Amino acid sequence: MVLNRTEEGKDFTIGEFKTTGDKPVTGYTVEPGGPATTESGKDKRIPEGVYDLSPHASTKYPGSYKVSNEEVSKDRAILIHAGNNGANTEGCILPGTNKTDSGVSASKPKLKEVYNFINENSKELPVKLIINEKIK
Numbered sequence: 000m001v002l003n004r005t006e007e008g009k010d011f012t013i014g015e016f017k018t019t020g021d022k023p024v025t026g027y028t029v030e031p032g033g034p035a036t037t038e039s040g041k042d043k044r045i046p047e048g049v050y051d052l053s054p055h056a057s058t059k060y061p062g063s064y065k066v067s068n069e070e071v072s073k074d075r076a077i078l079i080h081a082g083n084n085g086a087n088t089e090g091c092i093l094p095g096t097n098k099t100d101s102g103v104s105a106s107k108p109k110l111k112e113v114y115n116f117i118n119e120n121s122k123e124l125p126v127k128l129i130i131n132e133k134i135k
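In numbering that gives the first Met the number 0, the protein residues as written are 0 to 135.
One or more hints might be untrue.
Stated by the list, open to error - With beta-carbon atoms standing in for the labels, derived distance ranges: (1) S101 x L124: 32 to 40 Å; (2) E89 x G20: 29 to 37 Å; (3) K122 x S39: 26 to 34 Å; (4) G20 x D42: 29 to 37 Å; (5) D100 x K73: 30 to 38 Å; (6) T19 x K73: 35 to 43 Å; (7) K122 x D100: 32 to 40 Å; (8) E47 x D74: 17 to 25 Å; (9) K135 x D74: 32 to 40 Å; (10) K73 x E47: 15 to 23 Å; (11) N131 x K73: 17 to 25 Å; (12) D74 x P23: 15 to 23 Å; (13) G8 x E47: 27 to 35 Å.
Bear in mind the hints are in silico, worked out from the structure with no lab data behind them.
Since the structure is predicted, the reported quantities are computational estimates derived from the model, not experimental observations.
Each residue gets a CB set at the ideal place from its N, CA and C atoms; glycine is no exception.
Start from the sequences, fold in the hints, and give me the full structure.
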């Protein structure tokens, strides 16, 4: 799964994502504004890089996935979950069907597609998230 960050505002970052395979999923994402950091509690996006996706169980975001690598700890609890703008996230990645001026729309149906893709494709090999900075 590849996420290319394309735009940023004061408190948000917008990106475009796509998956590979027979049934690719495409859409947009919103994350907090930059600059990117590995530190917890900053309400900023995570740095570009390659990330592992692991199941995360919580009452607020059941069935979600945690994003982590050697630099961004699982303890930071960066999740992929539903939401529409930078105010809905504290470091997390929110997928959506359409892009808006400061976020995404139709997040819940797109999130379901993303979760289905991860669930179906992580049985044999782990699905990775690759984040690229393409902001102009």
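Okay, the hints, checked on the actual structure:
1. S101 x L124: 32 to 40 Å: 35 Å, holds
2. E89 x G20: 29 to 37 Å: 31 Å, holds
3. K122 x S39: 26 to 34 Å: Taking Cβ atoms as reference, K122 and S39 lie about 31 Å apart, which means the hint holds.
4. G20 x D42: 29 to 37 Å: Given about 33 Å between the Cβ atoms, the range holds.
5. D100 x K73: 30 to 38 Å: 33 Å, holds
6. T19 x K73: 35 to 43 Å: 25 Å, violated
7. K122 x D100: 32 to 40 Å: The hint (32 to 40 Å, Cβ to Cβ) holds, given that K122 and D100 are roughly 38 Å apart.
8. E47 x D74: 17 to 25 Å: 20 Å, holds
9. K135 x D74: 32 to 40 Å: Holds, at about 33 Å.
10. K73 x E47: 15 to 23 Å: About 19 Å separates the Cβ atoms of K73 and E47, which means 15 to 23 Å holds.
11. N131 x K73: 17 to 25 Å: 22 Å, holds
12. D74 x P23: 15 to 23 Å: 32 Å, violated
13. G8 x E47: 27 to 35 Å: 18 Å, violated
Hints 6, 12 and 13 from the list above are not met by this structure, while the remaining hints are.
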